[in-house]
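*Asks:* Letter by letter, the chains look like this.
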Amino acid sequence: AQSVAQPEDQVNVAEGNPLTVKCTYSVSGNPYLFWYVQYPNRGLQFLLKYITGDNLVKGSYGFEAEFNKSQTSFHLKKPSALVSDSALYFCAVRPYRDDKIIFGKGTRLHILP
Amino acid sequence: EAQVTQNPRYLITVTGKKLTVTCSQNMNHEYMSWYRQDPGLGLRQIYYSMNVEVTDKGDVPEGYKVSRKEKRNFPLILESPSPNQTSLYFCASSPRLAGGINEQFFGPGTRLTVL
Numbered sequence: 001a002q003s004v005a006q007p008e009d010q011v012n013v014a015e016g017n018p019l020t021v022k023c024t025y026s027v028s029g030n031p032y033l034f035w036y037v038q039y040p041n042r043g044l045q046f047l048l049k050y051i052t053g054d055n056l057v058k059g060s061y062g063f064e065a066e067f068n069k070s071q072t073s074f075h076l077k078k079p080s081a082l083v084s085d086s087a088l089y090f091c092a093v094r095p096y097r098d099d100k101i102i103f104g105k106g107t108r109l110h111i112l113p
Numbered sequence: 114e115a116q117v118t119q120n121p122r123y124l125i126t127v128t129g130k131k132l133t134v135t136c137s138q139n140m141n142h143e144y145m146s147w148y149r150q151d152p153g154l155g156l157r158q159i160y161y162s163m164n165v166e167v168t169d170k171g172d173v174p175e176g177y178k179v180s181r182k183e184k185r186n187f188p189l190i191l192e193s194p195s196p197n198q199t200s201l202y203f204c205a206s207s208p209r210l211a212g213g214i215n216e217q218f219f220g221p222g223t224r225l226t227v228l
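First to last, the protein sequences are chains A and B.
Residues in the first sequence are numbered consecutively from 1, following our numbering.
Residues in the second sequence are numbered consecutively from 114, following our numbering.
Be careful, since some hints might not be right.
Unchecked claim - Some chain B residues near chain A, calculated using beta-carbon distances under 8 Å:
no.	residue
1	V127
2	G155
3	D169
4	V173
5	F203
6	A211
7	F219
8	G222
Unchecked claim - The list that follows gives simulated cross-link-like pairs (lysine-lysine, DSS-like), each with its CA atoms no further than 25 Å apart:
no.	chain 1	residue 1	chain 2	residue 2
9	B	K182	B	K131
10	B	K184	A	K100
11	B	K178	A	K100
12	A	K100	B	K170
13	A	K100	B	K182
14	B	K170	B	K182
15	A	K105	A	K22
16	B	K170	A	K105
17	A	K77	A	K105
No wet-lab data here; the hints were simulated from the structure.
As the structure is a computational prediction, the values presented were derived from the model and not from experiment.
Ideal Cβ placement from N, Cα and C applies to all residues, glycine included.
Use the sequences and the hints to build the structure in full.
*Replies:* In structure tokens, the structure reads:
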């Protein structure tokens, strides 16, 4: 079955430190990969995507993500965390030639001042 | 302003009373979708639509209906709501580009409670 895993329910990082939010997937073919962020009482906002090309993609608010085909991972990263980055982050996958979207369960990111 | 709107934002109802949650987008997007968000389960796709009169089941379609009579609107219908449909619902839209579905734009959410 096709799936997306975010192995950490919560990640705590001190402000100014680098952060990583992990995502692995299990789908056939070459998927499209996305990261979204959800702030309290808000809808989801698109952060970045990987479709093809350079394995390191840059997105909004200083976030970037690294696509690793051999490890089927798409980890979200930021070199220096801000308190305002505290939110719920979702990884999503669109399987190859499919119109369904599969989301991970989400990772709550806490940036400690 | 480009946006996805949902109404109502909050709804408390009783078991068995039919309800409709509306969703509308003003970006001329082909693709629209409904999700439910539950603690510990993330977002799960209920139904999606590639274009007018084209709808498909997502991962959790049971107990829901949708229609796509116009490109901009994609209402979610609960014919006989049950307490296990208490959830936070999101509508989303996306342009359909050459390679397929791209990033989605989400509505603000509808918090539904079924008593």
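*Asks:* Confirm or reject each hint.
*Replies:* Status of the hints after comparison with the structure:
1. V127: Given a least distance of 25 Å, the restraint on V127/B is violated.
2. G155: Given a least distance of 4 Å, the restraint on G155/B holds.
3. D169: 7 Å, holds
4. V173: 12 Å, violated
5. F203: 6 Å, holds
6. A211: With Cβ-Cβ at 11 Å, over 8 Å, it is violated.
7. F219: 4 Å, holds
8. G222: At 5 Å from the nearest chain A Cβ, G222/B passes the 8 Å test, so the hint holds.
9. K182/B - K131/B: Between K182/B and K131/B the Cα gap is close to 20 Å, so the pair holds against 25 Å.
10. K184/B - K100/A: Between K184/B and K100/A the Cα gap is close to 19 Å, so the pair holds against 25 Å.
11. K178/B - K100/A: 17 Å, holds
12. K100/A - K170/B: Within the cut-off at roughly 9 Å; holds.
13. K100/A - K182/B: Given pair K100/A, K182/B holds - Cα atoms ~20 Å apart, limit 25 Å.
14. K170/B - K182/B: 17 Å, holds
15. K105/A - K22/A: With a Cα-Cα distance of about 12 Å, the restraint between K105/A and K22/A holds, given a limit of 25 Å.
16. K170/B - K105/A: 20 Å, holds
17. K77/A - K105/A: Between K77/A and K105/A the Cα gap is close to 18 Å, so the pair holds against 25 Å.
When the structure is compared with the earlier hints, violations turn up for hints 1, 4 and 6 and for no others.
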